[in-house]
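Q: Residue strings, one per chain:
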Amino acid sequence: MNYRSIFNLLGILLSLFSISFLVPLSITLVYEEKGAEIFLYSFLFLFFLGGGTWLLSRQENITLNISDGFIVTTLFWVVLAFAGSIPFYFFGLGFNAALFESVSGITTTGATTMIGLDEMPKSILIYRQLLQWMGGMGLIVLAVAVMPALGIGGGQLYKMELPGSHGNQKLTPRIADSAQALWKIYVGLTIACAILYSFSGMGFFDAIAHSLSTVAGGGFSTHDDSIGFFNSGYVESICIIFMLLSAASFAVHYAAIFGGKPLKYFYDPEFRFFLSVVTIIIIISIFVLYVNNSYAVFYTAISAAIFHTVSIVTTSGFTTENFSLWPGFLPYLLLVGAFMGACSQSVGGGIKAWRVLIMINQAYKEILKTIHPNAVLTSKIGTKVIDAKIAEKVWGFFSIYVFIFMFLLMAMLGTGLDFESAFSAVGACLNNLGPGLGEVADNYSSVTEFGKLILCFAMILGRLEIFTLLVLFTPAFWRR
Amino acid sequence: MKILILGAGRVGSSLASTLSRGDYDVSIVDINKDKLLRLQEDFDLATVIGHGSHPKTLKEAGADQETILLAVTNSDECNITSCQIAKSKFKVQKTICRLSDSSYLDSLDAFGEKSIDIAIGPENEVTDHLIDLIKHPGAEQIESFANGSLKVVCVKAKKDGMLVNRELKSIKSDMPDTETFVPAIYRKGKPFIPDGKAIIKENDEIYFLAAEKDIDSVVQEMRLQDVSSSRIMIIGGGKIGFALAQSLEEDYKVKIIDPDKDRCEVLSRELNRTIVLKGGGSDEELLKSENIENIDIFCALTNDDETNIMSAFLAKKLGAKKTIIIVNNYTYINILPKNFVDIALSPQRLTVSMVLQHLAKGDVPQEVIFKLESGAEAIEGIIHKNKFTEGFFNKPISEIPLPENCVVAAVIRNDEVFMNSKKLLLSPEDRIIIFILGKTNKEKIENLFLEA
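Residue numbers (the working numbering), protein chains in the order written: chain A, 1 to 480; chain B, 1 to 452.
Bound conformation, chain A alone (with noise of 0.2 Å):
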């Protein structure tokens, strides 16, 4: 283990966070709010904490292994988490509640304690926002992109970071050009979102600050009534699209862009396996409601039914209205698609659309196999082979995440909350989804100060995919 390397890197990390507080600290200028001395302060901290460590553990190379590097990616993102929440506690957030903030917008979950968003300074409200910004891509992928001499070492954390990264899937040959090259697309799109929101004549504030949620598959909004609050179908689409976008494997958007291949979208298979399930939970949903005469006007149940399927499967967590009052067993159907949740190396969350498509695959073949007992199958995604490890492994993370959600829900039935709000928090969470059902459908402030710890974890497992943080728990890590 190498110790000095660990330090370097996260002073390097914290620095490099503590510069986004200069954005609400601007803002509190701008709108000439209080709380500047919050970020102000908040940042000089970080600022030289991180500088620092960084200064006292400076070494010629940095040189990470693969152990290292679970630790210095699960150190980070409970170190920024705390960082992250600095803010919070001294704007008056108890400090579980701040924590809980925090995670929940480095994570992009989106759930929230926060209520009466309206009322408050936009110098925190944008804070909130760029959390979620920063946490979608992720930082150590950035500290990558920007020092190509993290080199291989780099290459194992981003690795880790990355939602959904399976095996030998760079962009490029070099680790810190597929690292810019998704950082590119990322803040490209942002800003693309950003330029269209602003078209609805939203303000140009909520236009950044939404688009920076909704980009990073977030969730989280400058209004208690999220995107509802501008009733607007123009508004409504936009994010719509943007949330699928950002929900499509960057490795999907980088061929389109950079490898001139626009039409991968329609080839990929993941993306389309994607797109077919979110349009049949859409066409239930539609069905269903209509069949409850939920809406008065068909049209209304049309788009909010597209708009809570996307936002829900994508995990990005906007909604118009409260879903969970919605007849039968739909809000519980939107939840499983969220246990899907988007495609590998994108920035949403859940189990992966990819990671499904080789379940079933693999299920399928076990049809067959009957069927044909001497038949030789082999699993494919499209054209491509899938190596019979590689469906070891999913089958593993499966069992786990099965595992871990069980593990969970009964340490929240344990807090006090009923069933249904239980279930649904820790589905919510640990796909970083955002609003739960029940209790939790419009915000977490009912949950209690422990329970609220025990979701901060959840975000943080379903973020780094459950084994980076898990293997950190085995005895076996740390006695090699």
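One thing to keep in mind: the hints can contain errors.
The calculated label-pair distances, taken between Cβ atoms and stated as ranges, are [what the hints assert, rightly or not]: (1) A110(B) x F477(A): 54 to 60 Å; (2) M1(B) x A36(A): 45 to 51 Å; (3) H358(B) x F403(A): 53 to 59 Å; (4) F477(A) x E306(B): 34 to 40 Å; (5) S17(B) x V402(A): 39 to 45 Å.
FYI, nobody ran anything at the bench for these hints, they're computed from the structure.
Heads up, the beta-carbon is just placed ideally off N, CA and C, and yes, glycines get one too.
We have chain A already, so just place chain B on it with the hints.
A: Just chain B now, kept in the frame of chain A:
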């Protein structure tokens, strides 16, 4: 710069590791998934699973962009085909092709115009090195420059050398007719650039430049030349062993040993004066009955590192005077005991350095020597007038502002060799040999060779 490597064998892997640490975007192709997986874990590069000569694989690996193709698989045919396809179907800028068979090397134009830009034959190169080392038994390492008209030689000073404990400049008075220059001396593993007053000590490793005919007399200055060797035993009748025996059999008494009966028959048919023996290199009885104690140079040249090392140990124990072996695994070279293995050559290392020569930018038909432990290098190239070399010309060589740890060892003008001396002036378009010891700014040196 994008580099596409075909073949993740020993050569391909070590090229990939060297290049990916440098300024290159490396993609490597192989059919073996596991080999690629390991490279993927250890280095910052892209890997593609597939057959190197299939157009589909080449395209996937990025041959449709500006690339340099390094075809270094074990199969000559695969290398040739992939170079042809890369050049005709894709816009690959440059192809470097590894060819083991010398008959292919001799008829490069048969593969289509300009499909192979540079062909390298590691086996040929190894054989040439072996011949050099056998002809000059005192030398530890010999590398050719200026198309062979100049050699850089490494020799270890022994106490019976004439120059030992004397000043370096007295070499001139010892041999007034010999042109030589000493750019570097390694003393206890630490390099320095000597001036005329430097005193040669025992066990110094001395690098010098000299023409082929003068090597022996300079070596003589540093150590008493071993009594000229005449009996040579070669283990392993593969391509290298065979080629070596063929070129030595006129002047030396050569015995070659190979375990394969069919191969032995081929060898005895092709070789005229060499004695071909069937057996193993580590067969003690066989070695004894073939008078191993009288063998001057014992060469273990099989494909198997362990066999080579063990048979060298055995030969030394049984009385062979000098052992030269081939070792592919570079880790082994550093741990070989010097008293059992006199010289270890690494064909893989040689291939890598040959490829690297051809990748350097500018007009540098480079030769790169790697000193085994310390990493001295020599670069040969044509110096051009450009913005980096202003103030280099028409000045004595000693006043040229070269980067640190570098020295111009020799200048070749109109096929005439001028060794470094105080009065020597540099002029544009001179071919120069620069000696680099230790760390230096490589880029600054490469800049000297850029055209204006």
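Q: So, for every hint listed, does it hold in this structure?
A: Right, here's what the structure says about each hint:
A hinted range of 54 to 60 Å holds for the C-beta pair A110(B) and F477(A), which are about 58 Å apart. Distance hint for M1(B) and A36(A): a CB-CB separation of about 49 Å, consistent with the stated range 45 to 51 Å. Taking 53 to 59 Å as the suggested C-beta distance range, the pair H358(B) and F403(A) conforms, at roughly 56 Å. The hinted window of 34 to 40 Å between F477(A) and E306(B) holds, with their beta carbons roughly 36 Å apart.
About 41 Å separates the C-beta atoms of S17(B) and V402(A), a value consistent with the hinted range of 39 to 45 Å.
The structure agrees with every numbered hint stated previously.
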